[in-house]
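> Residues per chain are reported as follows:
Protein chains: 2
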Amino acid sequence: MNGVNGSSISPGATIGILGGGQLGRMLAMAAAQLGLKTHIYAPEVDSPAFDVATRFTLGRYDDMQALQAFAAQVDCVTYEFENIPAETVAALEHLRPVYPDRAALTTSQDRLNEKNFFNGLGIATAPFVDVEDAGALARAVAQIGRPAILKTRRFGYDGKGQAVVRESADLAAVYRSLGGLPCILEGVVRFSREISVIAARSNNGQFSAYDVAENIHSHHILAKTIVPAHISTGTAARALDIAAQIATALNYVGVFAVEMFVAEDAEGTERLIVNEMVPRVHNSGHWTLDGAVTSQFEQHIRAICGWPLGSTRRHGRIEMQNLIGVEAEAWHDIMSEARASVRLYGKQEMRPGRKMGHVTRVFEEN
Amino acid sequence: MNGVNGSSISPGATIGILGGGQLGRMLAMAAAQLGLKTHIYAPEVDSPAFDVATRFTLGRYDDMQALQAFAAQVDCVTYEFENIPAETVAALEHLRPVYPDRAALTTSQDRLNEKNFFNGLGIATAPFVDVEDAGALARAVAQIGRPAILKTRRFGYDGKGQAVVRESADLAAVYRSLGGLPCILEGVVRFSREISVIAARSNNGQFSAYDVAENIHSHHILAKTIVPAHISTGTAARALDIAAQIATALNYVGVFAVEMFVAEDAEGTERLIVNEMVPRVHNSGHWTLDGAVTSQFEQHIRAICGWPLGSTRRHGRIEMQNLIGVEAEAWHDIMSEARASVRLYGKQEMRPGRKMGHVTRVFEEN
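As you go down the protein sequences, you meet chains A and B in turn.
Mapping of the first sequence onto our numbering: residues 1 to 366, in sequence order.
Mapping of the second sequence onto our numbering: residues 1 to 366, in sequence order.
Just to be clear, a hint being listed does not mean it is correct.
To be verified - Going by beta-carbon spacing under 10 Å, a handful of chain B positions derived as facing chain A:
id : residue
1  : Ser8
2  : Met29
3  : Phe50
4  : Phe261
5  : Leu289
6  : Val293
7  : Met335
8  : Val342
9  : Arg343
10 : Gln348
11 : Arg351
12 : Val362
Stated by the list, open to error - If you only want the chain B side, here are some residues facing chain A, beta carbon under 8 Å, derived:
id : residue
13 : His39
14 : Thr54
15 : Thr107
16 : Ala138
17 : Gln162
18 : Arg166
19 : Ser168
20 : Trp331
Since the hints were made in silico from the structure, they are not lab data.
Positions of the beta carbon are idealized from the N, C-alpha and C atoms, including for glycine.
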């Protein structure tokens, strides 16, 4: 089909997706629903996204020859996870448009860059100090106080790459426990809730966000998302503003998530502290598949194609529950529930902590 | 994942689908959302369903060797269209469970068998007479009157295989125009509306139906579906009863459609006349993808797997519009509409009369 202008992509085109997990899988299905073909590039043999893609390439992210062949077969490139090496994106962006672009990726990949970027926009974060070595950690602890959290600057997710610095901690041991990598030390934020904004910014500047989600974690993994979050209207509006501000500053293209803490003072006034920005579709947006007019996966595809963004309207009040490890054994029981939509990711092996699927329950609005 | 009992299929299993069009494509995506793998078997090189399936076989429906190899790689078999040769199903059913079964297929494939089946259940149809040859046509016309419609007993769809017998018609010429095949002659039904029921019956006997849909055709092709249909509550209940009666009589497994006419007498009392039963997911159920808790595609997969059927609840008042031929060029404009979900089938060639996609618009309930 014909495109609408020179820069946009048309149905029939092929979307290249780096990463073959459940996010790539759901992105590929969303693209197919819009008449697009998909090509997954991933290093894992049993990538769940391979099963629903038009084509796939089994390749490492540093295999430049395979990446070039991949680029030659697609019309644009996106990715399902933020730990794609920046060099991979650098190699691809000379060949095909890559969304979100490298600036968004490199900003979010490094906690120090990311927090400096937020603070530069006047967005509040937890207090933090750069920790380049064990000696710097002692100085950082003197500044931030204890307890504090030492985090590697790069490649952290689901609580990995983090260590708590307690009163009694041996600083050298804590630093070594994270592999001696460049870190930041973060002050502990006392918060009442964790929330996230899932938003999209299109190739042509259009911005759209879903209602703010409230997230409940268990063992550092998202267990449950509730929409709308139990926060004031004013706080919700400020959370959306922060997301819009970040998107504009990065000239961002695609769906992204902003994770925030809600802190309350003695009078119950809510204050937002931004934790991180995730440049991809996000687990706390999975409810949109069955609970909103347009899913975050479709929204991402629309955004990177330069197409109009879809409606973010909810079908009701939402509860999304992750099915982690053996929790997925409940799939059959959940299917009997009238309000539940269960989604399974087609992963062959059930492992503790592994995200196997999720359930979205939609209730009448209160 | 573990199954619940010996006869049911579990996530991780492979669903074999005969037919590679948009219905196969949407079935395959629904199966993938439930953690299943899919294998499409179709004779057309550019089958849109190939793009979203785990595997595909390009093969003819009479290639018994290819069918056997296909069966060996799947856990059960279903199909996306009702003109699959019964011999194909006969060959497969010895190797793997096939749903819906051959009885449902052979009943619905032959208009004479189908109408006799309906009448045997006390379900009203248009008057009809078997027409085995040109001589029989003259006797049939004497019985039914003119105008009447001559229809081939087998392989008709979207108005193909039909000819109107008008006052002035040369009967021999009309008969020849349909290729001299076995036919039936049908009396013309004066109806006020065309409706359809999309229903499912599970492997374990559970029955579930969506609200009755009203269908508007143009040039014998479905143009628009509205849900709920503009019929009385009593008529809607009778329509659902008829679908349940048919499903039970056939011991049916899967999703099916029953097309009906609503005739009104002088006092406005509505009467239902069943046109045909279609043993597969149906165009007038496409709205369920974006307008109901469970799509007809997911419902079919649940039914054939022996899993609990999902909720058929609507998200609002529905209008589904087919995008036929060049109508699909409007995809970009439709994407700007707040209430519209556009689905494109990934067909490479846009031809007049070809179903390229559809739009579902969901409105607040009146």
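> Against this structure, judge whether each hint is valid.
For each hint, the structure was consulted:
1. Taking 10 Å as the C-beta contact cut-off toward chain A, the hint placing serine 8 of chain B at the interface holds, the least distance being around 8 Å.
2. A cut of 10 Å between beta carbons decides the hint on methionine 29 of chain B: the least distance to chain A is about 5 Å, and the hint holds.
3. Evaluation of the phenylalanine 50 of chain B hint against chain A yields a held restraint, the C-beta minimum of about 8 Å falling below 10 Å.
4. A hinted interface residue such as phenylalanine 261 of chain B counts as satisfied when its beta carbon comes closer than 10 Å to some beta carbon of chain A; here the least separation is about 32 Å, so the hint is violated.
5. A cut of 10 Å between beta carbons decides the hint on leucine 289 of chain B: the least distance to chain A is about 8 Å, and the hint holds.
6. Below 10 Å, beta-carbon pairs count as interface contacts, and valine 293 of chain B has one with chain A at about 7 Å; its hint therefore holds.
7. Given the 10 Å rule on beta carbons, the hint for methionine 335 of chain B holds: about 4 Å separates it from the nearest Cβ of chain A.
8. Residue-level restraint check for valine 342 of chain B holds (minimum Cβ-Cβ distance to chain A is 7 Å; threshold 10 Å).
9. For arginine 343 of chain B, the suggested interface contact is upheld, since its CB lies about 5 Å from the closest CB of chain A, less than 10 Å.
10. Taken as an interface hint, glutamine 348 of chain B checks out: its beta carbon lies about 7 Å from the nearest beta carbon of chain A, inside 10 Å.
11. At its closest, the beta carbon of arginine 351 of chain B sits 13 Å from a beta carbon of chain A; the interface hint therefore is violated under the 10 Å criterion.
12. For valine 362 of chain B, the interface hint holds, since its Cβ comes within 10 Å of a Cβ in chain A; the closest pair sits about 7 Å apart.
13. Violation of the interface hint for histidine 39 of chain B is found here, the shortest Cβ-Cβ separation to chain A being roughly 11 Å, above the 8 Å cut-off.
14. Against a cut-off of 8 Å between C-beta atoms, the interface hint on threonine 54 of chain B holds, since the closest Cβ of chain A lies about 4 Å away.
15. Below 8 Å, beta-carbon pairs count as interface contacts, and threonine 107 of chain B has none with chain A, the closest being about 29 Å; its hint is therefore violated.
16. The criterion of a C-beta within 8 Å of any C-beta in chain A is not met by alanine 138 of chain B, whose closest approach is roughly 50 Å, and the hint is violated.
17. Taking 8 Å as the C-beta contact cut-off toward chain A, the hint placing glutamine 162 of chain B at the interface is violated, the least distance being around 31 Å.
18. Contact between arginine 166 of chain B and chain A, as hinted, is not supported at the beta carbon level, the nearest pair being about 40 Å apart and thus beyond 8 Å.
19. Hint status for serine 168 of chain B: violated, given a least beta-carbon distance of 44 Å to chain A, over 8 Å.
20. A least Cβ separation of about 6 Å between tryptophan 331 of chain B and chain A falls short of the 8 Å threshold, and the interface hint therefore holds.
The structure is inconsistent with the numbered hints 4, 11, 13, 15, 16, 17, 18 and 19, although it conforms to all the rest.
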